[in-house]
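Asks: Line by line, the protein sequences are chains C and E. Its first residue numbered 1, the first sequence is counted upward by one per residue in this note's numbering. Its first residue numbered 1001, the second sequence is counted upward by one per residue in this note's numbering.
Read the hints as simulated data drawn from the structure, not as lab findings. Honestly, I wouldn't trust all of these hints.
[Unchecked claim] Using 30 angstroms as the maximum straight-line C-alpha spacing, the simulated DSBU-like pairs for lysine-lysine come out as follows:
#, chain 1, residue 1, chain 2, residue 2
1, E, K1127, C, K36
2, E, K1127, E, K1221
3, C, K33, E, K1127
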Amino acid sequence: MSTVDLNPGSVGDDLKESATRPSRLVARIWAQKQGKVGVILTAFIVILALAGPLLAPLVTGYSPTEFADRPFQTTGIFGTDNLGRSVASRFLAGGLLLLAYSVLATALGLVVGCVIGMVAGYAGGKTDSIIMRLNDVVLAFPQLVLALLAIVVLGPQGWVLVTVIGLTHAPRVARVARAATLGVTSEDYIRAAEMYAMPRARILSREIFPNITGPLCVEAGLRLTYSIGAIASLSFLGLGMQPPTADWGLMINENRIALSIQPWGVILPVIAIAILTIGTNLLADAIARATASTNVETS
Amino acid sequence: MIGKLILRRLLVSIFILLAVSVVVFAATLLLPGDPARAILGQQATEERIAALNAELHLDRSPFERYFLWLGGLFVGDFGTSTTTGGPVIELLGDRISSSLVLMLCAAVIAVPVGIAIGIFSALHRGKRRDQVVTWSTLTLAALPEFVIGIALVTLFATSVFRILPAVTMSPPGQQVWELPAQLILPTLTLALVVIPYIIRMMRATMAEVMDSGFVEMARLKGVSERQVIFRHALPHAIGPVAQVVAIQLAWLAGGVVVVEYLFRYPGIGQALIDAVTFRDVQVVQAISIIIAAVYVVVNLLADIAGILANPKLRSAS
């Protein structure tokens, strides 16, 4: 990645503004094609997921768990599912939990990973190597396998899903946060803060953190994409959301035996998940490009 | 120098595997329930349960049990399944080879195709073809594997064309690779999941190398463009790609889980889902350890290859 040095003092006043300041960042993301498409796709599904549960009974006339017709019929807007419930109604109601869990898992992973990574990067030495070795242990499990292990022990509850997906993100975020922290610890302003005997926690939160938000934003987008994929995958395996919840992943699991006669129960949630993950991934890519030219290395 | 580095890397891998085994074993200790009762059923007498507990070492302390279990792994004894009552290894033998076949097929397709498309994209940098590749990889990389799988099933097996089987039927006694048509869709799904990462890395390194001085030098000397690409540029660009390829191959070990479930492919992934559904702890332990071991070993091999291929380290010895 390019590391254009925006060293204050050597450049003009207009360039002093950080490229990761919220308003500038949004403008930079919107300026790219990827960013525009990503924002639009993501916003479309988020609005659908948020407004869906309210709209479902109004549009279809059935609640997501109500019997509408015999199973796998093509009556109504998108027909019925394996238990004779309205596909349209379940589709509209099925995005909210997935979205909420994914956002929570991503937030958890970012906070934990960021703290671990910053402490490891700033402390250095033994603390650093112990933390990073422990990180490697967690990284030795594919994310899904660790999630399945947790589900065997604790059962498929919402908080288990959020916690385990979040915690498996943490070491991956920690790597990025550590690399970014190493990039700024040798800067003069950190030395100055140390010289004034600023407490370490304050240096981490006030001096280092604001300077590594660029790579962390990129991580947030990426991790959100993977969280959605992981939670939807677990529901698809029948080990995430449990019936009779209306959920996109679970819908695919319930209705895929009838893919050839009543495809809507599978196709609609698949398309929704696809649009959402593509949107967040394009957004992550746009953020990466938008923040690439700050003086923090984004690797 | 090189030997020392490799030895150190090896020790780290062994340490990680041991730590993984502790995590996996600790998960069982947290689990409520009584495996002996699960195997023998509700009507079993106390004496029989006690006898089976002794046989499964469940009467020992957790510390002893861990070492007995760990020792068993080295001689292929993965414990006793609570659903079948038989040894886990019997349950998994064929499934491990089926999964390996699937992973191997996916890798054989994904690696050369990914590298070829990556080079193609780098050589047409900034042009329309490159943009098409970039957008496709961004899109594909975002999709969860079951979404890609279902899209392929809809296209080739159920709704649009009906030319390929949507699920794997394996008659008892027959191996999956004796019916190659059934392998196509699962292989293609796995390949499509890993390809975008290989393409992106190959494109990035190749683009960088094509801008470098020695490529310009070769061109100025009048070397043909084909030779410049394949003899001068490619060997320098392929190194970092090997790392990404290794990470993707390691990912396949976990990635087969969802794909096998989707296509009802009789591998370890499907076995893992069944075991989780029936809470068959010994099987979950065994499969988690196997998948983690594949993951760690592939990463180790990649790092060793990286150490051996690094010219700076080579000349230092």
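Asks: Between E:K1127 and E:K1221, does the CA-CA distance stay at or below 30 angstroms?
Replies: 27 angstroms, holds
Asks: Holds or violated: C:K33 with E:K1127, Cα cutoff 30 angstroms?
Replies: 15 angstroms, holds
Asks: For the pair we were handed, E:K1127 and C:K36, check the Cα-Cα distance against 30 angstroms.
Replies: Answer holds: E:K1127 to C:K36 is near 20 angstroms, not above 30 angstroms.
Every hint from the earlier list agrees with this structure, and none is contradicted.
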